[in-house]
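**Q** One-letter residues, chain by chain:
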Amino acid sequence: MHRLPPQVKVVALLVFVIAVVAIPREAFWAHALAGCLIAGVMILAELPAGFVARRMLVEVPILVFALLLPFFGQEPTTQVLGLTLSVEGLWGAWTIIAKATIGVGASVVVSATTTIPDIIRGLDRIRVPRVITAIAGFMVRYLDIVAGEFARRRVAMASRGYEPRWPWQGGPLAHSAGSLFIRSYERGERVHQAMVARGFTGRMPAYGDQPASLREWAIGLSVPAAAAILVLLSVTVIR
Amino acid sequence: MHIPDGFLNGAASAGTAVVAAGGLGYSIKRAGAYLQDNRIALTGLVAAFIFALQMLNFPVAAGTSGHLLGGALAVILVGPWLGITAVSVVVIVQALLLADGGISALGANVLNMALVTGFVGWVVFRTMVKILPRSWTTVLVSTFTAALASVVASSIAFVIEYAFGGRGNVDVATVLAAMAGVHFLIGIGEGLISSAMVGAAATRPELIAGVQDLDLLDKEKKKVRAGAWGFAAAGLAVAVLLVMVVAPLASEEPDGLERAAIDQGFADSAEDHVLAESPLADYGVSGVEDEATGTRLSGLIGVLITFGVGAAIVGAFVMMRKRSTTPL
Chain S
5 MHRLPPQVKV
15 VALLVFVIAV
25 VAIPREAFWA
35 HALAGCLIAG
45 VMILAELPAG
55 FVARRMLVEV
65 PILVFALLLP
75 FFGQEPTTQV
85 LGLTLSVEGL
95 WGAWTIIAKA
105 TIGVGASVVV
115 SATTTIPDII
125 RGLDRIRVPR
135 VITAIAGFMV
145 RYLDIVAGEF
155 ARRRVAMASR
165 GYEPRWPWQG
175 GPLAHSAGSL
185 FIRSYERGER
195 VHQAMVARGF
205 TGRMPAYGDQ
215 PASLREWAIG
225 LSVPAAAAIL
235 VLLSVTVIR
Chain U
592 MHIPDGFLNG
602 AASAGTAVVA
612 AGGLGYSIKR
622 AGAYLQDNRI
632 ALTGLVAAFI
642 FALQMLNFPV
652 AAGTSGHLLG
662 GALAVILVGP
672 WLGITAVSVV
682 VIVQALLLAD
692 GGISALGANV
702 LNMALVTGFV
712 GWVVFRTMVK
722 ILPRSWTTVL
732 VSTFTAALAS
742 VVASSIAFVI
752 EYAFGGRGNV
762 DVATVLAAMA
772 GVHFLIGIGE
782 GLISSAMVGA
792 AATRPELIAG
802 VQDLDLLDKE
812 KKKVRAGAWG
822 FAAAGLAVAV
832 LLVMVVAPLA
842 SEEPDGLERA
852 AIDQGFADSA
862 EDHVLAESPL
872 ADYGVSGVED
882 EATGTRLSGL
892 IGVLITFGVG
902 AAIVGAFVMM
912 RKRSTTPL
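These protein sequence lines are chains S and U, in that order.
If you want the numbering used here, it's the 1-based position in the first sequence plus 4.
If you want the numbering used here, it's the 1-based position in the second sequence plus 591.
Hints listed in this document are in silico derivations from the structure and should not be mistaken for laboratory results.
Where hints are given, some of them may not hold.
Claimed, not checked - Below 25 Å or equal to it, Euclidean Cα-Cα: the simulated SDA-like pairs (lysine to any residue) are:
1. 620(U) with 609(U)
2. 620(U) with 144(S)
3. 620(U) with 204(S)
4. 721(U) with 621(U)
5. 721(U) with 609(U)
6. 620(U) with 54(S)
7. 620(U) with 754(U)
8. 620(U) with 49(S)
9. 620(U) with 189(S)
10. 620(U) with 50(S)
As the list claims (entries may be wrong) - Facing chain U, a subset of chain S residues (Cβ under 8 Å, in silico):
11. 55
12. 142
13. 145
Stated by the list, open to error - Label pairs and their calculated CB-CB ranges:
14. 616(U) with 61(S): 31 to 37 Å
15. 689(U) with 194(S): 26 to 32 Å
16. 39(S) with 610(U): 26 to 32 Å
Glycine included, each C-beta is placed from N, C-alpha and C at the ideal position.
Isolated chain S, as found in the complex (with noise of 0.2 Å):
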């Protein structure tokens, strides 16, 4: 799992969670296998529990939204343990419930195996455009850099008794963001010119990119290969 070309995981989340998305809502069982599927990547990858429980937690807001919807969705209803429920809100809340959760799954797995830079090259690869990845590997490159100097900022505010605590006190977080902006852009100008005068062309040099051979692309592709025959059995045996 963590030695796979970066390509092949990236190409390989994109197929398998369009698949998950494609299993038809009847299909319990189809999903079931589909999580088991994961999980046992997880496994194999051996990612820590823990690790993967908190990577999860970007979930949550999704899955409150998920246990509402029975309780507002329209006719008709039907009862569970004495509360109406609606029965398209709960068909719904099972879809989002356990197509975002082995989405999410599958997103971990992949972000956890592979580097930041690696992602990038990755998608490099996949032709995707230049202008994408690049710009994209600037601000992961300088997203630490940035939120680091507006966190001390925060330091400094704490340090000297200022603790917003409601809304209309952020005025100077705000005021501070904005002097950051101009740090910010002022900073990628100075690295502009500085990657200008080292001879920077519009293109980044690429280190140590191979292309990946079919075997690997053939143990990538193995598991949304398998999400996708789930696809196919569970439309077969619906209709």
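Dock chain U against the given chain S, drawing on the hints supplied.
**A** Chain U in isolation, oriented as in the chain S frame:
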């Protein structure tokens, strides 16, 4: 705001992906003027900046919190095409690295959070800045309005996608009311923060793409006071007029519960936000059960409250600037 996998069905995912790819492709092409200059590092830093901004959560109401979308801010600071490209990159990276937003919903997320916010934000901002007297007050008020409109437009875009391809079959009017209502509050927060940031960036006005051609540097001092009052009256009049005309139109949408009627209704709301009336459209919605007069009334109240908030902010800024420009 990030749509996860499984939220939209296949057709809606594919449709939004096509639209998003087209829009992003066009933005990249238009951003070429900058990128030919190879100022990619600059755009990357702007993207990093917006990424960091999106981590900034602020409380909205009763337990919910919203984060900045940053679309309007981005286009005002670096121009529409570069801004849209930067926010799109942020959304793509979030989906791939942080599992925030589904892979299959990437098209919808880019559409809602980069294209819609960027486009609406830019159109609102430039329209206001061109019409209103040229001053920093105008710039700040326009930024506030553009950010607010962009967030509400983004939530309406979400509802449209939900109506066509959402799962769960919740009454679309309910979703619209809930989303537009919550995002109106988020939009106010976004507007405040955005205008405060543009205000802080005003030390280097030549760097702010949205005001580069406005020549604010010399005229600023003379026009601030005269402009503010003229603007206030004109803006309020326009807003009241729009509420009276637009809000009753918008209130008709949720009455049609059948899909066909909904489709019809969306034509209205789409027009609304192109014209930058999304906050008002929202007010029309919040008066769902009311009759046209009730809707007008609620819209009117909303406009007055918004205006009051806006005026208070502007007042604060004017005072702050007065303080900072007093001679040493």
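**Q** Look at each hint and say if it fits the structure.
**A** Status of each hint after checking the structure:
1. At roughly 16 Å between alpha-carbon atoms, residue 620(U) and residue 609(U) fall within 25 Å of each other, so this suggested pair holds.
2. The hinted pair formed by residue 620(U) and residue 144(S) meets the criterion: a straight-line CA distance of about 22 Å does not exceed 25 Å.
3. Pair hint residue 620(U) plus residue 204(S) holds up; C-alpha atoms about 21 Å apart against a cutoff of 25 Å.
4. Proposed proximity of residue 721(U) and residue 621(U) is supported: the alpha carbons are some 22 Å apart, at most 25 Å.
5. The straight-line distance between the Cα atoms of residue 721(U) and residue 609(U) is roughly 33 Å, outside the 25 Å bound, and the hint therefore fails.
6. A C-alpha spacing of about 43 Å is found between residue 620(U) and residue 54(S), which places the hinted pair above 25 Å, so the restraint is violated.
7. Note on residue 620(U) and residue 754(U): the hinted pairing is violated, with a Cα-Cα distance of about 31 Å set against a maximum of 25 Å.
8. A hinted pair counts as satisfied when its Cα atoms are at most 25 Å apart, and residue 620(U) with residue 49(S) does not qualify at roughly 40 Å.
9. Taken as a hint, the residue 620(U) and residue 189(S) pair is honoured in the structure, with Cα atoms around 22 Å apart against an allowance of 25 Å.
10. For the given pair, residue 620(U) sits about 43 Å from residue 50(S) by alpha-carbon distance, which is inconsistent with the 25 Å threshold.
11. With a least beta-carbon distance of about 13 Å to chain U, the hint placing residue 55(S) at the interface is violated under the 8 Å criterion.
12. Below 8 Å, beta-carbon pairs count as interface contacts, and residue 142(S) has one with chain U at about 2 Å; its hint therefore holds.
13. Annotation: interface hint on residue 145(S) holds; nearest CB of chain U at approximately 7 Å, less than 8 Å.
14. Separation of residue 616(U) from residue 61(S) is about 34 Å and conforms to the stated range, judged on CB atoms against 31 to 37 Å.
15. Between residue 689(U) and residue 194(S) the beta carbons are some 29 Å apart, a value that agrees with the proposed interval 26 to 32 Å.
16. The hint said 26 to 32 Å for the Cβ distance between residue 39(S) and residue 610(U), and at roughly 31 Å that hint holds.
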